[in-house]
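Number of protein chains: 2
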Amino acid sequence: MSDIASLKTRIQREFGTPAVVIDLDVVEHNIKKAQALCDAAGVGNRPHIKTHKSPLIAKMQMDHGASGITCQKVGEAEVMAEGGIDKILISYNIFGEEKTGRLGAVLKKADITVAADNPTVVAGLPHAAEVAGRDLGVVVEIDTGRKRAGVENPSEAIALAKDIASRKGLKFRGFMLYPPEDKMVETQKFLDEVLTAIRADGLDAEIISTGGTPNLLNLGKIKGVTEHRAGTCVFNDRMMMAAGFASLDECALRVYATVVSRAGPERGILDSGSKTLTTDTGWGLEGYGYLIEHPEAKIARFAEEHGFLDLAACNDRPKVGDVVRVVPNHVCVVVNMVDRLVAVRGTEIVGEIPVAARGRLT
Amino acid sequence: MSDIASLKTRIQREFGTPAVVIDLDVVEHNIKKAQALCDAAGVGNRPHIKTHKSPLIAKMQMDHGASGITCQKVGEAEVMAEGGIDKILISYNIFGEEKTGRLGAVLKKADITVAADNPTVVAGLPHAAEVAGRDLGVVVEIDTGRKRAGVENPSEAIALAKDIASRKGLKFRGFMLYPPEDKMVETQKFLDEVLTAIRADGLDAEIISTGGTPNLLNLGKIKGVTEHRAGTCVFNDRMMMAAGFASLDECALRVYATVVSRAGPERGILDSGSKTLTTDTGWGLEGYGYLIEHPEAKIARFAEEHGFLDLAACNDRPKVGDVVRVVPNHVCVVVNMVDRLVAVRGTEIVGEIPVAARGRLT
Numbered sequence: 001m002s003d004i005a006s007l008k009t010r011i012q013r014e015f016g017t018p019a020v021v022i023d024l025d026v027v028e029h030n031i032k033k034a035q036a037l038c039d040a041a042g043v044g045n046r047p048h049i050k051t052h053k054s055p056l057i058a059k060m061q062m063d064h065g066a067s068g069i070t071c072q073k074v075g076e077a078e079v080m081a082e083g084g085i086d087k088i089l090i091s092y093n094i095f096g097e098e099k100t101g102r103l104g105a106v107l108k109k110a111d112i113t114v115a116a117d118n119p120t121v122v123a124g125l126p127h128a129a130e131v132a133g134r135d136l137g138v139v140v141e142i143d144t145g146r147k148r149a150g151v152e153n154p155s156e157a158i159a160l161a162k163d164i165a166s167r168k169g170l171k172f173r174g175f176m177l178y179p180p181e182d183k184m185v186e187t188q189k190f191l192d193e194v195l196t197a198i199r200a201d202g203l204d205a206e207i208i209s210t211g212g213t214p215n216l217l218n219l220g221k222i223k224g225v226t227e228h229r230a231g232t233c234v235f236n237d238r239m240m241m242a243a244g245f246a247s248l249d250e251c252a253l254r255v256y257a258t259v260v261s262r263a264g265p266e267r268g269i270l271d272s273g274s275k276t277l278t279t280d281t282g283w284g285l286e287g288y289g290y291l292i293e294h295p296e297a298k299i300a301r302f303a304e305e306h307g308f309l310d311l312a313a314c315n316d317r318p319k320v321g322d323v324v325r326v327v328p329n330h331v332c333v334v335v336n337m338v339d340r341l342v343a344v345r346g347t348e349i350v351g352e353i354p355v356a357a358r359g360r361l362t
Numbered sequence: 363m364s365d366i367a368s369l370k371t372r373i374q375r376e377f378g379t380p381a382v383v384i385d386l387d388v389v390e391h392n393i394k395k396a397q398a399l400c401d402a403a404g405v406g407n408r409p410h411i412k413t414h415k416s417p418l419i420a421k422m423q424m425d426h427g428a429s430g431i432t433c434q435k436v437g438e439a440e441v442m443a444e445g446g447i448d449k450i451l452i453s454y455n456i457f458g459e460e461k462t463g464r465l466g467a468v469l470k471k472a473d474i475t476v477a478a479d480n481p482t483v484v485a486g487l488p489h490a491a492e493v494a495g496r497d498l499g500v501v502v503e504i505d506t507g508r509k510r511a512g513v514e515n516p517s518e519a520i521a522l523a524k525d526i527a528s529r530k531g532l533k534f535r536g537f538m539l540y541p542p543e544d545k546m547v548e549t550q551k552f553l554d555e556v557l558t559a560i561r562a563d564g565l566d567a568e569i570i571s572t573g574g575t576p577n578l579l580n581l582g583k584i585k586g587v588t589e590h591r592a593g594t595c596v597f598n599d600r601m602m603m604a605a606g607f608a609s610l611d612e613c614a615l616r617v618y619a620t621v622v623s624r625a626g627p628e629r630g631i632l633d634s635g636s637k638t639l640t641t642d643t644g645w646g647l648e649g650y651g652y653l654i655e656h657p658e659a660k661i662a663r664f665a666e667e668h669g670f671l672d673l674a675a676c677n678d679r680p681k682v683g684d685v686v687r688v689v690p691n692h693v694c695v696v697v698n699m700v701d702r703l704v705a706v707r708g709t710e711i712v713g714e715i716p717v718a719a720r721g722r723l724t
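Residue numbers (my numbering), protein chains in the order written: chain B, 1 to 362; chain U, 363 to 724.
Keep in mind that the hints were calculated from the coordinates and are not lab data. By construction, the Cβ of each residue, glycine as well, lies at the ideal position given by its N, Cα and C atoms. Each hint should be verified, as a subset may be incorrect.
With a straight-line cut-off of 27 Å between C-alpha atoms, the simulated DSS-like cross-links for lysine-lysine are [stated by the list, open to error]:
1) LYS319/B - LYS524/U
2) LYS509/U - LYS319/B
3) LYS109/B - LYS168/B
Derived CB-CB ranges, DEER-like [to be verified]:
4) GLY145/B - LYS681/U: 20 to 26 Å
5) LYS509/U - LYS319/B: 44 to 50 Å
6) LYS319/B - GLY404/U: 40 to 46 Å
7) LYS168/B - GLY445/U: 47 to 53 Å
Here are some of the chain B residues that sit facing chain U, going by a computed Cβ distance under 7 Å [unchecked claim]:
8) GLY16
9) PHE95
10) ASN118
11) THR120
12) ALA149
13) THR258
14) SER261
15) ILE269
16) PRO318
17) VAL320
18) GLY321
19) ASN336
20) GLY359
Taking the hints into account, I'd like the entire structure generated from these sequences.
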């Protein structure tokens, strides 16, 4: 039996399928690649932990040179601070006393900066500083065309920066954005206008933070950026291959699934459905994952625990009992379905990694 | 403040949002309704626990007259058996020694029947009986048009029934199917052919199990059915409203979300994205959920932790900080995202219910 056949058998026997498996050798390669891209552009690397939700992997990123991490939820920051990470950007509007109270408790332990895009959220943030007994850093989230979170025009960004700077307990630290890959020029114009205005008011931006794995290839195109937040590149997936960022060898995560039925000659069923592989799609992809063993197969649709294979284009079709490896469309949502990842290096199983911040929705 | 406004504030303050909230009064109504539909048709009620994944709610279903429960994974059956439920159908092809070994361990504690749709899976099942020291019941899964799991023609079904009956440790118990809502006549023909043939061979089917919440309205149309498996009806959702099964008042689950941004006059952002509300859709639905407070609003798209609202059609638009209640498209996948549900009765908070079998992928 080949090494990989033996690994597949061991995973089926020892963990059962579906199993979400990461190769730590590939993870390390991916961490180094992102760090090198940031280093080459002279910007700090602040990886987003939404992809792995693991303090252990966050520490690997810090050990390779990251200047801090990014979280999306206070609950994620709690887990990361508990795990010893002390430089955290929460890239999200944190609203309500329950959350600002917990934010204050984390701020006691770690250097925390949060993002905000509106005055209502800003008005609630001093509560966290009161709880912590120290200042809370705040960046203004701006939107330069993605129509996501963030203020849409420079005048609002300027007003919000001044609002933050005027409040006791808050320290204005700069701007956060997630620029569309095709809007570098428009983004530069927006940023320049805002920076000129706030400097005229005696403020300055120590942080200008951009985001997104595909934008790692655009570093340097926007002047003034101080750090970059990328999440998916730690594992990569079919979307990052479609985006031209990653090769198949750079996809560190594979879902090991068993073929449990061959309902018809051109149909097969995996024991992994929407509750494992998820229905996310994008970047023009067809189907819900790439099968290493059967690249012509298509994961055509899902039930919750069934992945329905269209095998019409396959000459070599899997049989019931076969283990196949699936590169999912979107790793960040797949990791979020499981409580632990199986860790391998090449064809050796090296352990399990808890997805410690999974389920921290608030 | 109205009772409901007060409840929303309490949930935001005490649990934080997003919070997945079920109303136990509505759950009880829904359990009684499904039981009454089964009783009226003279078929057993074997609810599928994939929707709630909670032994506590499974016990409520048993207490209201269910004859057993349905699970999709051995891991779910382990949690349910541990929780005291002792009549379990696992409606899934169970393959591999790791799984058949665990299946045997559960079979020691509970009356277990499994489904199978191919000889490879059947050949592995006696291992479970050996481990348990008692017979394992097996039903043949048949597919009468949905193109899901199950054998597609009567001759295969008959052959598989005989295969099961011939094996030491296995007891052939009948057939399981999930008939398309519009194929009652074809399903009857398939079933009749199979039953005639196996009876000629001295076998009989003590179980003929149909499935699906919308098919609760079709009970009685297929003669010979002994039990029905419905999952979603315990909570209901926007898809079950679109399917004509449930009213809004019968939707027991709501995701309480906070509006955290109003990025533009016609845009808003909820603190619930694809990692809470999920991207499932179907039954011709547009958007990803129904907002009780703003029925004209559309959850147009998601980031992982953002729900992007299109408010163009709304006269009354929410402001930052407002809590809104969302009826999701598909409850089964939403419950699967969280470790616990907040339980209310009307406007009173009564506790939390662990989603005990969540994450039991294998």
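Against the structure, the hints:
1. LYS319/B - LYS524/U: holds, 22 Å
2. LYS509/U - LYS319/B: holds, 18 Å
3. LYS109/B - LYS168/B: holds, 20 Å
4. GLY145/B - LYS681/U: 20 to 26 Å: holds, 25 Å
5. LYS509/U - LYS319/B: 44 to 50 Å: violated, 19 Å
6. LYS319/B - GLY404/U: 40 to 46 Å: holds, 41 Å
7. LYS168/B - GLY445/U: 47 to 53 Å: Between LYS168/B and GLY445/U, where Cβ atoms are some 52 Å apart, the hint holds.
8. GLY16: holds, 3 Å
9. PHE95: holds, 5 Å
10. ASN118: At about 5 Å, which falls below the 7 Å cut-off, the nearest Cβ of chain U leaves the hint on ASN118/B intact, so it holds.
11. THR120: holds, 4 Å
12. ALA149: holds, 5 Å
13. THR258: holds, 6 Å
14. SER261: holds, 5 Å
15. ILE269: Hint on ILE269/B: holds, closest Cβ of chain U at ~6 Å, below 7 Å.
16. PRO318: violated, 12 Å
17. VAL320: holds, 4 Å
18. GLY321: Status holds, d = 5 Å.
19. ASN336: Holds, because the Cβ-Cβ distance from ASN336/B to chain U comes to roughly 5 Å (cut-off 7 Å).
20. GLY359: This hint holds: GLY359/B lies near chain U, its Cβ roughly 5 Å from the closest one there, short of 7 Å.
This entry does not satisfy hints 5 and 16, going by the numbered hints stated previously.
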